[in-house]
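Visitor: Residue numbers (my numbering), protein chains in the order written: chain A, 1 to 161; chain B, 1001 to 1077.
Hints are all accurate, no fakes.
Here are the simulated BS3-like cross-link-like pairs (lysine-lysine), alpha carbons at most 27 Å apart as the crow flies: (1) Lys1021/B <-> Lys36/A; (2) Lys36/A <-> Lys1060/B; (3) Lys1060/B <-> Lys41/A; (4) Lys101/A <-> Lys1069/B; (5) Lys36/A <-> Lys1069/B; (6) Lys1058/B <-> Lys36/A; (7) Lys1021/B <-> Lys1058/B.
Incomplete in silico selection of chain A near chain B, CB under 8 Å: (8) Met1; (9) Ser3; (10) Asn6; (11) Leu8; (12) Ser9; (13) Leu10; (14) Ser11.
Calculated from the structure, these hints are not laboratory results. Quick caveat: nothing in here was measured; it's all calculated off a predicted structure. Glycine is no exception: its CB is placed at the ideal position from the N, C-alpha and C atoms.
Single-letter residue listing:
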Amino acid sequence: MDSLVNLLSLSLWGNEIEIIEGLNSLVNLRELYLYKNNISKIENLESLVNLQIINIMENILFNPDDLCISDRLDINEDEDYNEYLYDKYNLIKLKDLPNLKKINDIDDDVKLKAFFNELSKKQLCENQTYQLHEIRERELKMRLLGIQKAITECYKHIYQD
Amino acid sequence: MKLLYIIINSYNIMSINLSNKNLTEIPDFSDSKILNSYGFDDPRKVYSLELWNNQISKIKNLDLLVNLKYLSLVEIK
Chain A
1 MDSLVNLLSL SLWGNEIEII EGLNSLVNLR ELYLYKNNIS KIENLESLVN LQIINIMENI
61 LFNPDDLCIS DRLDINEDED YNEYLYDKYN LIKLKDLPNL KKINDIDDDV KLKAFFNELS
121 KKQLCENQTY QLHEIREREL KMRLLGIQKA ITECYKHIYQ D
Chain B
1001 MKLLYIIINS YNIMSINLSN KNLTEIPDFS DSKILNSYGF DDPRKVYSLE LWNNQISKIK
1061 NLDLLVNLKY LSLVEIK
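Go ahead and model the full structure; you've got the sequences and the hints to work with.
Guide: Structural data, given as structure tokens:
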């Protein structure tokens, strides 16, 4: 990835990554999504000085029982609480990143894509066919009502069908 | 006129979605035939590349995408 110096957003989630490496040249990177991997240590992020958002949920790093806590990580809200979380999750390496604003944030577009990705898999598994206009209608509905609420509704429809 | 051409070309940026293609490796963007098959002629114009749900085990062939801003290599294992 040495030539990708202009990269702003990198999504590598849902793989089997064990070590964070090879990102040194991404000096302009603002968003890094690494959740659902096998990462056990936060390292080699020193050069990502423009990083604003990092997501490292659902790795070996975190105890699954603590995910609800880690989901609330936000270094702008409560400094004492964040100190506690930095210690608890060994996030000390992240403290040196000068522009980091959010940890474990997932933007709505990523949630949306992930949802439709899961939906697509489900269709393949259950041999169901959804008409394109239905999908678009639901996507529009999701955007209007809010991603999380609409996802729940869609799942209800799926299970009813 | 030349300046106008340069300005128009500079805005002619592209997003490529190669998700769910059962790819085992990232396409070689230095190959003009491959480039044309994806509907573009200059890898420098690619600003977004999505490769969700493929079978890619190694990240390579991205060197020419020097203006890439958004890269998604999600669930490519």
